[in-house]
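Starting from two chains that each stand alone, build the complex the way the hints lay out.
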Amino acid sequence: MTDTTLAAPAEMLTTTDGTPLKKALTRAQRRAKGRAFLLVLPLLAFVLLTFVIPIGQMLTRSVNHDGFSASAPEVSAWFHTNPGAPDEAAYAALAADFKKMKADRTAGEAGTRVNYTLPESRSLFTKTARVADDLAPPYKEAFLAVDKKWEDPLVWEAMRAASSALTSDFYLIGLDMERTADGSIRRVPENERIYVYLYVKTFILSAVITVICLLLAFPIAHLLATLPMAKANLLMILVLLPFWTSLLVRTTSWIVLLQGQGVVNSLLVAMGVIDAEGRLQMIYNQTGTIIVMTHILLPFMILPLYSVMRVIPPSYARAARSLGATSWTTFRRIYLPQTLPGMGAGALLVFILAVGYYITPALVGGADGQLFSNLIQFHMSKSNWSLAAALSSMLLVGVLLLYWLYDRLVGIDKLKLG
Amino acid sequence: MALPTYADPLEKIWHYTYKVICTAIFVFLIAPILVIIPLSFNAEPYFTFTQKMLALDPTGYSMRWYDSLLTVGMQAPDAVRDGGWWSDLWHNAAWVKAAKNSVIIGFWSTILATILGTLAALGLSRPEMPYRRAVMAILISPMIVPIIIIATGLFFFYSNPCSIVGVSCGRLTSTYVGVILAHATLGIPFVIITVTATLSGFDQSLIRASASLGANPRTTFFKVIMPLILPGVISGALFAFVTSFDEVVTVMFIAGPEQQTIPRQMWNGIREAISPAILAVATILVVISIGLLATVELLRRRGERMRGVTPH
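Keeping their order, the protein sequence lines are chains Y and Z. Numbering of the first sequence is given in my numbering, commencing with residue -17 and proceeding in unit increments. Numbering of the second sequence is given in my numbering, commencing with residue 452 and proceeding in unit increments.
Isolated chain Z, as found in the complex (with noise of 0.2 Å):
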């Protein structure tokens, strides 16, 4: 975005004043994701950088908030750190088993989503789909819908899922089912939106001439659909995976104390006394997100790339 030559003084100076806005903005936008990351070190019990810390002095910066991370729930933190210790921190550590409850909930709503999900994006994006608007208006809803009625919702239903034919049978809240189904439903939409999106650049002829060549259905799914829409499908995935991985409020309805994940003892965190702590894991988290960003971006690269559409 150059200065045209025939800009006038005036123009000059707001070309300046423009870039000083936008630079502003992307500061306002990434800053605050950026400062946690120092402040995690920090070796005082502050939120702000203190005096040794812009001094780079080592000494304020230390790794006992990412330690006490670890050892929270342990039934015995401060023995000597041998076999014993760490299979108490994996059995114990409230933080540790947080974490193993994200990943459980988030693979297995994942799996879910992206298996359902692909199939309908298949089927929406093919021209004879009928009620395609108003189907496609339903099961991108879970997006829209304020959380908290769909979790208001879930919290009444799942304490007697049967009661819609009638019966009473056991009930759904404080069960790893009843959170995988419903972070399921909350990952959907972001499936949806990104297979079709993909399928939307996708040659339908494609199909009838693999028919044509005499491959089955089957064999046409595997070998040439899914081929050229696994990018979508991937990053359909990873979305689905960090929306559970990040959903705080129906865990807080429906899960029970077994199914307690990361969101949920940040939320407790925050609520409650918020420590640098905290910072450690939000600081985690952080990272995980700009490893699941790179892909994201690697694998629409990769499918502009495969679709022909290059980079101009």
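Excised from the complex, chain Y in its bound form (with noise of 0.2 Å):
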């Protein structure tokens, strides 16, 4: 009688429907698993439709782009079908598109292209554009009497690379590259090169801020988590203040304080310490961007760095004191170590931030504070659409990454405000 209820416990064990008890919790997981994602479906949803669309369609622009293609698809076509130089039924095509895009006024447009890849290229289409009319066979011939460019390879490479609205020239601009008259590859001449020196420049300056935010957040984080609690709270609010006031009100301060006629100037005039034409250009450069976006990232520095601080036990550092270690050694072997974390995660939001902002060096950054997101809205105001979302995605990728490291060394869960 023993026997039979030990031989197979498992297939005993139902739910009073009859339904095994494995099935049963199993279906019981899946459905609390569906009840909390659908909690968060609503949210989800919403954020793909406002935020993960409309980058992911804006990105797409980078790699396409149809002006030329579109106002002259002879041309294209017979690109497509002719690997070698242009010959006369090259030239009839040409002048066949050019007669239609001086019907429909595309031909800024698709000079606009091939500029892109070619500079100057645009005044050739629309001096080109102006005559279509007259042109007529032989059209080789024609063309040349408008102008001698038309013969240059270097154009009708151009014309071929804009010939299919998949691209990936403005990658090339992006990475300050150009395409040489026999198809190849070359990097630019060097005083050409704006747009990897900005993006190299723009990580280094964030490096520069993240360094100064983690050198003025340590003694602050420090003093806040060893004071006690009623003052530690007291003193918090001076680094909360900042972190709730409104950017531009930041930006306006600093403004009025650093510019030549601004209080900081008079206070050192007024003492002294530089004449009256010796003021100093603090604002509208480099500087005036780093120092502005120390004051305004500081906080997002000090709150990380506190809450680890703040549970390290003050008896760890006592028992080094006490095992005859100096105030230094304690301090670099037993408390350094343990406040890693914190700067860890504190440095990251802070370089992640620092490397798209945009706000502080367009207002104070004069000509040689500008960062990368200021170079993207530059070409968006000149409708350069295409290169501005080549430039988008190549900062994405470096701020995804960083986003990336984060999680993995950190946990996006860890992030915390105040």
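Hints were generated in silico from the structure; no laboratory data involved. There may be inaccurate statements among the hints.
In silico DSSO-like cross-links for lysine-lysine, where the CA-CA straight-line distance does not exceed 27 Å [claimed, not checked]:
| id | chain 1 | residue 1 | chain 2 | residue 2 |
| --- | --- | --- | --- | --- |
| 1 | Z | Lys470 | Y | Lys213 |
| 2 | Z | Lys463 | Y | Lys213 |
| 3 | Y | Lys15 | Z | Lys674 |
| 4 | Y | Lys82 | Y | Lys109 |
If you want the footprint, here are the derived chain Z segments under chain Y, 3+ residues with CB under 8 Å [as the list claims (entries may be wrong)]:
| id | stretch |
| --- | --- |
| 5 | 566 to 575 |
| 6 | 717 to 725 |
What you are looking at is a predicted structure, and each value in this text was computed from that prediction instead of being measured. Every residue, glycine too, gets a C-beta built ideally from N, C-alpha and C.
Next up, the structure:
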């Protein structure tokens, strides 16, 4: 009798309606999972629609530009079937396209697209379009009569690059590269390399700001963490008030403080440190960007550092001292290593935010304090949308890599505010 | 942080140096915010303290910049200040319009972000939640992705939002709805962060206790969960509101002249001819942020008390 009850208890365990327990449990878990996901679903759908899709759609512009291929379909078709140098048929196709472009007024658009690959092409296009109706066979001679450039293989290579809407040209520009006449790729001359330079500069400036923030945040966080709670809470307000104050307000304040006739310069002149002619240029340049961004991002460094330092037991340091370590050794060997998680979290967060900064550099950066975001805005304002999209995706790749690193090292769920 | 009794002279010197350094950093943090307050009452159009101001002479101070804030954009700013003047102010003054827009956009985007964000945080803090890490990463990303990229993306998307299903419909650029949706997206990470932080201290067995006592999920939510997480929800909502209230880049890209907000007006003021009137706006905003900070601090302390975490 005991044998039968012990034989197969697993099959015997069922819920009241007779389903095996294991199956019922899996079902219940699946339902719980579904319920949890259902709570998140509305927001996820919202963020996909108002954030992920718009950005994704914008980024496709970086590899897609039909300014030339849509305006000049005939010569684009010729490029697809003929890999070699242009023959009379190519010039004939181009002439037909120019007549169409003149009628549709799209020569400027097509020229702009070719212009990205080969500067000064736009004027060639508009100039040719003006006389498009006079183009007659033999077409090659007709084109050369308009402009000798129509013989230039570089022009044809640029048009070939533009002949399909799908293109990598904008990334080439973003990486400071260009196509040569034979279709190979090389770096542009040194004095024209602006994008990679600004990209690197943005990361270097962000690193500088991060280091300054760390140096300033460390003593403050340490002080707050070691003071009695009531006092620390009071001083914490001094950290949180800038955090809650409008970014534009803080930027305005710094303009007022640092400009030529501002408070700091007047104070220095009154104290006799500098004379009235030697007022310091502290704003509308790189210095201004660094000072103001440090001030704005400092709370993002103090808060994570503080939350880590607050839970470091003071007994460890005391134990080290009692074992004969000097205060410097105690700090270096005992305290500092324990603050590393806070330093990492704060530094990464500040760095990520600094890399994408736009408002502050735009307002106080002057000529040499601009960051990569400002360059994207510049091309947006010039309607160079595909180039802006390519630059955006370059910046996005950098930021997302850092974000991934942050998630790996710190964990997004550890992100705290105040 | 008292000095230990065994400290040697060098340590004593360092201790006081350290205090001086800390004071200097606090001054760096707070002085720029406070210095604009007296300057906004400057009687002269300068950005520095005049001799009269330093001597605390009342004639060195005036309300002229606050007054000029009100009258910009009015049809008859110099008329007698009767009912007609006030109605002109309410309907036409540029800064009043901007303030109304900021409040309208901030209010609705906060409501949207808070409701969706709180629901999602409830789901995310359940132990059964699948793909939690990935979902969380997506929901927090609006805070991380550079604002210029978000604004650029929305600029194209809003010009024809139905293009994702291949049809053409109206546009969302230059509409309130467009700006509200954008600001809600930007506020969501803050709601998620604060509410999940509150929920991490939430005892899940309370839900089961409530259910075992016969409460349905609805009652459990409103009578048990909500009162406990409310401080977190409110501070998340305040963060979302401040985010919207301070946002200028998406407004620049997607809003039309009808949706100009306070930061947008400030941006113009700073970029073009910076006048002390900007300082008057800044002072008002500082006062508002002091109020918001006080609210959040009170809520945080209330939350700690309710969860039995006492300051030690």
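Now the hints, each set against the structure:
Distance check on the hinted pair: Lys470 of chain Z and Lys213 of chain Y sit about 14 Å apart at the alpha-carbon level, within 27 Å; holds. With a C-alpha separation of about 22 Å, the suggested pair Lys463 of chain Z and Lys213 of chain Y falls inside the 27 Å cut-off, and the hint holds. Pair hint Lys15 of chain Y plus Lys674 of chain Z holds up; C-alpha atoms about 24 Å apart against a cutoff of 27 Å. Between the alpha carbons of Lys82 of chain Y and Lys109 of chain Y the distance comes to roughly 15 Å, so the proposed pair stays at or under 27 Å and holds.
Counting residues of the stretch 566 to 575 of chain Z whose beta-carbon sits less than 8 Å from any beta-carbon of chain Y gives 7, enough to reach three: the coverage restraint holds. Restraint check on the stretch 717 to 725 of chain Z versus chain Y: 5 residues with Cβ-Cβ distances below 8 Å, three needed, restraint holds.
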